[in-house]
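Novice: If you want the building blocks of each chain, they are given just below.
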Amino acid sequence: MPEAISNITLVTDGNGKLDPVQVYDALMAQIDPELVTSEIPTLQEKYKGESSEQRKERGERYKKAYGQYESMLAQLTEGISDHTRTQRRGALASAEADSRKEEAAELEKMETLFIQ
Amino acid sequence: MQYHKTFSGNRSVSPDEARLISGVVVPGGTPESNSNQEPATPEIHTTAESLLADGDPDKASDARRMAIAQTNRTTDATPAVQETATVTIPGTKDKPDIAVTVVPVASVSASTNPDAPKTPESKAEDGTKSPETQSDNTTVLQQNLDSAMKALSPEQAAVVQEFKSLLSSDEKGALTEVINAMTPEELSTLTSGAMKIMERFKDMSPEEITRIINLPLLGEDGNMSEETEQQLDALGLEEPEKELLKRMALVMQKSTEQAPETSEPKTHKEALEQRMKDLNAKLENPNLQSMEALTTTLEMLGTIVEMIKRALGGTLDESIEQDGMDKKSAEAPAGAPASAPAATPQVAVEADLQAKGAATLEQRSTALTEIAQESQAGIEKNETAIARIGTDLKSSADKKKQLDTGILEGEQELLAEQSKPENERNPDVESAIQTQLDGLKREQTAVEQTIKEQLVLKKKLEEENAVLTKKKETAEKMKSGTDFTIEQVGKVEKTLEKLLHAKVKFEIDDGKQNMVVSELSEDTPSWAKGVLESHDADTDAANGYQLDLKNAQWLSAHPEDSKQAELEPTKEQKQA
Numbered sequence: 001m002p003e004a005i006s007n008i009t010l011v012t013d014g015n016g017k018l019d020p021v022q023v024y025d026a027l028m029a030q031i032d033p034e035l036v037t038s039e040i041p042t043l044q045e046k047y048k049g050e051s052s053e054q055r056k057e058r059g060e061r062y063k064k065a066y067g068q069y070e071s072m073l074a075q076l077t078e079g080i081s082d083h084t085r086t087q088r089r090g091a092l093a094s095a096e097a098d099s100r101k102e103e104a105a106e107l108e109k110m111e112t113l114f115i116q
Numbered sequence: 001m002q003y004h005k006t007f008s009g010n011r012s013v014s015p016d017e018a019r020l021i022s023g024v025v026v027p028g029g030t031p032e033s034n035s036n037q038e039p040a041t042p043e044i045h046t047t048a049e050s051l052l053a054d055g056d057p058d059k060a061s062d063a064r065r066m067a068i069a070q071t072n073r074t075t076d077a078t079p080a081v082q083e084t085a086t087v088t089i090p091g092t093k094d095k096p097d098i099a100v101t102v103v104p105v106a107s108v109s110a111s112t113n114p115d116a117p118k119t120p121e122s123k124a125e126d127g128t129k130s131p132e133t134q135s136d137n138t139t140v141l142q143q144n145l146d147s148a149m150k151a152l153s154p155e156q157a158a159v160v161q162e163f164k165s166l167l168s169s170d171e172k173g174a175l176t177e178v179i180n181a182m183t184p185e186e187l188s189t190l191t192s193g194a195m196k197i198m199e200r201f202k203d204m205s206p207e208e209i210t211r212i213i214n215l216p217l218l219g220e221d222g223n224m225s226e227e228t229e230q231q232l233d234a235l236g237l238e239e240p241e242k243e244l245l246k247r248m249a250l251v252m253q254k255s256t257e258q259a260p261e262t263s264e265p266k267t268h269k270e271a272l273e274q275r276m277k278d279l280n281a282k283l284e285n286p287n288l289q290s291m292e293a294l295t296t297t298l299e300m301l302g303t304i305v306e307m308i309k310r311a312l313g314g315t316l317d318e319s320i321e322q323d324g325m326d327k328k329s330a331e332a333p334a335g336a337p338a339s340a341p342a343a344t345p346q347v348a349v350e351a352d353l354q355a356k357g358a359a360t361l362e363q364r365s366t367a368l369t370e371i372a373q374e375s376q377a378g379i380e381k382n383e384t385a386i387a388r389i390g391t392d393l394k395s396s397a398d399k400k401k402q403l404d405t406g407i408l409e410g411e412q413e414l415l416a417e418q419s420k421p422e423n424e425r426n427p428d429v430e431s432a433i434q435t436q437l438d439g440l441k442r443e444q445t446a447v448e449q450t451i452k453e454q455l456v457l458k459k460k461l462e463e464e465n466a467v468l469t470k471k472k473e474t475a476e477k478m479k480s481g482t483d484f485t486i487e488q489v490g491k492v493e494k495t496l497e498k499l500l501h502a503k504v505k506f507e508i509d510d511g512k513q514n515m516v517v518s519e520l521s522e523d524t525p526s527w528a529k530g531v532l533e534s535h536d537a538d539t540d541a542a543n544g545y546q547l548d549l550k551n552a553q554w555l556s557a558h559p560e561d562s563k564q565a566e567l568e569p570t571k572e573q574k575q576a
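Residue numbers (my numbering), protein chains in the order written: chain R, 1 to 116; chain A, 1 to 576.
Note that these hints are calculated values from the structure, not bench results.
One or more hints might be untrue.
To be verified - Calculated pairs, SDA-like style, for lysine to any residue (alpha carbon to alpha carbon, straight line, at most 20 Å):
#1 A/K394 - A/Q454
#2 A/K59 - R/I40
#3 A/K401 - R/A105
#4 A/K150 - R/G90
#5 R/K17 - A/E185
#6 A/K93 - R/Q30
#7 A/K93 - R/L73
#8 A/K93 - R/E108
#9 A/K95 - R/A29
#10 A/K400 - R/E108
#11 A/K93 - R/I40
#12 A/K491 - A/E362
#13 A/K93 - R/I5
#14 A/K477 - A/E362
#15 R/K17 - R/D82
#16 R/K17 - A/L145
#17 A/K59 - R/E70
#18 A/K93 - R/A105
#19 A/K400 - R/A104
#20 A/K93 - R/Q68
When you get a sec, could you build the whole thing from the sequences and use the hints?
Specialist: Laid out in structure tokens, this is it:
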């Protein structure tokens, strides 16, 4: 397996939602750059003189690419869901810890007032 | 048509339902409702992959639409991303792993909060943005950068912050302008580029980050150097992202070129230094006429006198604006009672300077270092004492807690003894408990008193440290101003020596500001001799010309008149 890691950055909208076209283009660029939005309209021209065998081969390649895309999309959305769940749990735990800290500080304050 | 094939659940759905959920145009849907969507794809419930089952590559376009519709459904069902998330998609045997970073643009919807930052996709129907939305681009970008900064180590973040603070206000203004003018697509591209850079920074040393952010984006010819281009490629930036960076760099370059004309000095130190530079530049002009040389020299003397005055008074670093405000606030309203000057840190430092007998600028500089060091020593001593008191307080509080418990138990024991039937009560036991209780209460009172005293002492030391910290800061600031003035005085002496062809020495302390000019040569200009002769304080040329700058009316607030007066009566000057 190749050692390098490909990096993709996706930007959400104001509601934290992903733009489907942006996701498609970013993931597909990693699978088969011929199938990104800007390239598809150029395909007919590009493969004008191809033989029927080559054409079939290309069709197979595209089919496989979309299969891979589906799988990658599922992994991405699952990863996002996992991340969000972990983050929520972390936020809750942190809020609880903060609340405990506040309580302890309050108690200490009361104690200081008492000894003064 | 097969509406049951792969759609989200196991049940069949109607075309209308499908349209509502997938957001994809279906034959039969109303044109209005579908106007902003992708063109129709009849087999919306098959997958993109199955659409290509017959191996026809011409269906790639339809397959793409299908895949996007599927993506739309899937992302709709995914929780909203509120903070940057990174998901790794494992690679295959011939493809590497993919790290996907999802960056939320802004977490609050503009529709629910009108004050919330706008997002890149909020645009008018014609694809442009309203000016109101545009002005928020910088906020949006800033939020994303702040969020990404959290992933950096403190050392890495410090380097990035330092770079930001180095940008001049002109550069910041120009950047804000260009970012706010960007379209939503451009802002998305820029954000994506910035995020990529931040991602790479995570794995770099602060030195490496410094090297990268110091790389000039553009050369003097306005083009990107090969080295920079390679570096940006290594950071994973693509052409549109690089283009935007280039655009921003161009704007910054222009603003820097314009900056000298627009930047205004903010403190007296800056203003005086600038005036001194201007005058020096003027004096270096080989074609300078003697009259102009005289005027410039007088202006230079006026400037150095003001600099010395401010250095001695500790107001050199004050902001010009603040000074004006201070003057205003110092103007007491009519009838207001006169009050004694407040005990400021500066007054305390001045008192120390006097006590140390520091009169000259050099003596003051040394003494100010000592004052700052003494203040620091005091702060450290107090901090040690505060820490010790803290430990003592803790042990006193523990002791008090023990006594409280002991007293409570003793009282309960006593109460239990007193509650016994008369024939079972033992006065000796009661008395013993009471004695023990009294002892505990006395001890409790003593511990409480100790705690109170410790708290009072701690507070006193903390207040003392606040005063010492301010005093130290003031001394350091005054030293910096004094050293700056010493340096400037040295420069002026050299400039005047060159100009007058004589030896020039300033004698400065808090009582006098004299300029002594001696060893005049044949090359000394006649206009200079005229000024020196008419202003020699002791009218004895044998010990050099002594010019009292402190009381020199001809260096007053209206130098133009006095200069004119100087120029008029001298015969020699007219000849020159």
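Novice: Are the hints correct? Go through all of them and say.
Specialist: These are the hints, each one checked on the structure:
| no. | hint | verdict |
| --- | --- | --- |
| 1 | A/K394 - A/Q454 | holds (11 Å) |
| 2 | A/K59 - R/I40 | holds (10 Å) |
| 3 | A/K401 - R/A105 | holds (18 Å) |
| 4 | A/K150 - R/G90 | holds (16 Å) |
| 5 | R/K17 - A/E185 | holds (16 Å) |
| 6 | A/K93 - R/Q30 | holds (14 Å) |
| 7 | A/K93 - R/L73 | holds (19 Å) |
| 8 | A/K93 - R/E108 | violated (60 Å) |
| 9 | A/K95 - R/A29 | holds (12 Å) |
| 10 | A/K400 - R/E108 | holds (14 Å) |
| 11 | A/K93 - R/I40 | violated (26 Å) |
| 12 | A/K491 - A/E362 | holds (15 Å) |
| 13 | A/K93 - R/I5 | holds (13 Å) |
| 14 | A/K477 - A/E362 | holds (15 Å) |
| 15 | R/K17 - R/D82 | holds (15 Å) |
| 16 | R/K17 - A/L145 | holds (19 Å) |
| 17 | A/K59 - R/E70 | holds (17 Å) |
| 18 | A/K93 - R/A105 | violated (56 Å) |
| 19 | A/K400 - R/A104 | holds (19 Å) |
| 20 | A/K93 - R/Q68 | holds (13 Å) |
When the structure is compared with the earlier hints, violations turn up for hints 8, 11 and 18 and for no others.
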